Amino acid sequence: MTDRLLENNTFLKILSVIVAIFIWFRAGPAAHVPNENHTIQGVAVGWSTINPHLTVLSLNPGTVTVQISGPPSSVNSSSTASVSALVNLSNIKSPGTYLLKVSASVPAGVTPVSVTPSRVEVTVARIGNTKRPVEVHLGGQPAAGYELSNYSSSIKDATVSGPTNALRQVKAVAGTVSLSGHNTTFSQDVVLEPVNAAGRVVPKVQVDPPTAAVTATIKKKPPEKVLPVVSKLTGQPASGYTVSQINVYPSSVTVSGTTQTLAGLNHIFTVPVNVSGATKTITESVPVQLPSGTSLVSSGQVTVTVTITKGS
Numbered sequence: 011m012t013d014r015l016l017e018n019n020t021f022l023k024i025l026s027v028i029v030a031i032f033i034w035f036r037a038g039p040a041a042h043v044p045n046e047n048h049t050i051q052g053v054a055v056g057w058s059t060i061n062p063h064l065t066v067l068s069l070n071p072g073t074v075t076v077q078i079s080g081p082p083s084s085v086n087s088s089s090t091a092s093v094s095a096l097v098n099l100s101n102i103k104s105p106g107t108y109l110l111k112v113s114a115s116v117p118a119g120v121t122p123v124s125v126t127p128s129r130v131e132v133t134v135a136r137i138g139n140t141k142r143p144v145e146v147h148l149g150g151q152p153a154a155g156y157e158l159s160n161y162s163s164s165i166k167d168a169t170v171s172g173p174t175n176a177l178r179q180v181k182a183v184a185g186t187v188s189l190s191g192h193n194t195t196f197s198q199d200v201v202l203e204p205v206n207a208a209g210r211v212v213p214k215v216q217v218d219p220p221t222a223a224v225t226a227t228i229k230k231k232p233p234e235k236v237l238p239v240v241s242k243l244t245g246q247p248a249s250g251y252t253v254s255q256i257n258v259y260p261s262s263v264t265v266s267g268t269t270q271t272l273a274g275l276n277h278i279f280t281v282p283v284n285v286s287g288a289t290k291t292i293t294e295s296v297p298v299q300l301p302s303g304t305s306l307v308s309s310g311q312v313t314v315t316v317t318i319t320k321g322s
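Position in the sequence shown (first residue = 1) + 10 = my numbering.
Calculated directly from the structure, the hints in this document are not laboratory data. Mixed in with the good hints, there may be bad ones.
Derived Cβ-Cβ restraints for the label pairs, each shown as a range [said to hold, decoys possible]:
{"no.": "1", "residue 1": "295", "residue 2": "166", "range": "33 to 39 Å"}
{"no.": "2", "residue 1": "106", "residue 2": "151", "range": "47 to 53 Å"}
{"no.": "3", "residue 1": "181", "residue 2": "151", "range": "22 to 28 Å"}
None of the values given here were measured: they were computed from a predicted structure. Glycine included, C-beta positions come from ideal geometry on N, C-alpha and C.
Using the sequences plus the hints, can you model the full thing?
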């Protein structure tokens, strides 16, 4: 009898329907999973389609909270890396501060529910450009026995661009070269930064070109010698007065020159101090008289104090 039933086409169709209904009731409710809401905090706000003559100075706040909805597997895998928030600046034509709506972009299979706050304050400024001189700052000291002879930059000025109010603060573009340990001439690419009169970097300003090649000429130091300073005087104190003491500070200076030149030097004189008709102590700042073939290593300015006393 079973064989006859299986051979009956109508019976097989009815059996198929019963099995399908049974499977649907078993699998259907389990396959339907309700959507879940998920909150993603700290989503950075960006912008799109800005006028080429304008730039964004600030966004306040700079981040928002986005609530999304979708299947648990989708919402739980969403993060700040897969969710974005944007303000549309296509209608902004002039500088100012605007309160603009934030739109959220979410992964496929997920829908945005809300953005908090829904609007952010966007400050926009006009872009300008101008030229500023290149300044080279030197850092460190060459190797012992060597000194910097001179240096040069591959460019004399650079173009700075950015918000016009920031450009007004830029005095120069500066790069720093390290001389530390060098004993030969060298070239170094330095990053140029826009700086104000106080030497601080001005933000939101770009420099073009961003670098400059600086060549520093390093040479061996010539021989040096420390020489005592002797003060010269001219004239005579007033009648009845006399020079009782002469003090020089600093009492010595360092000069450089050839070995032969330095060998013949035992001291160095100051420019004469005039004591004509003096009745009291004289203090003057005077330069030293540099011998031919030498140059100063230390300062060549000294203070001479001539003590004048009344004769007994």
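Next on the checklist: Hint compliance check: list the failing hint numbers for this structure, sorted ascending.
Outcome noted: Every hint satisfied by this model.
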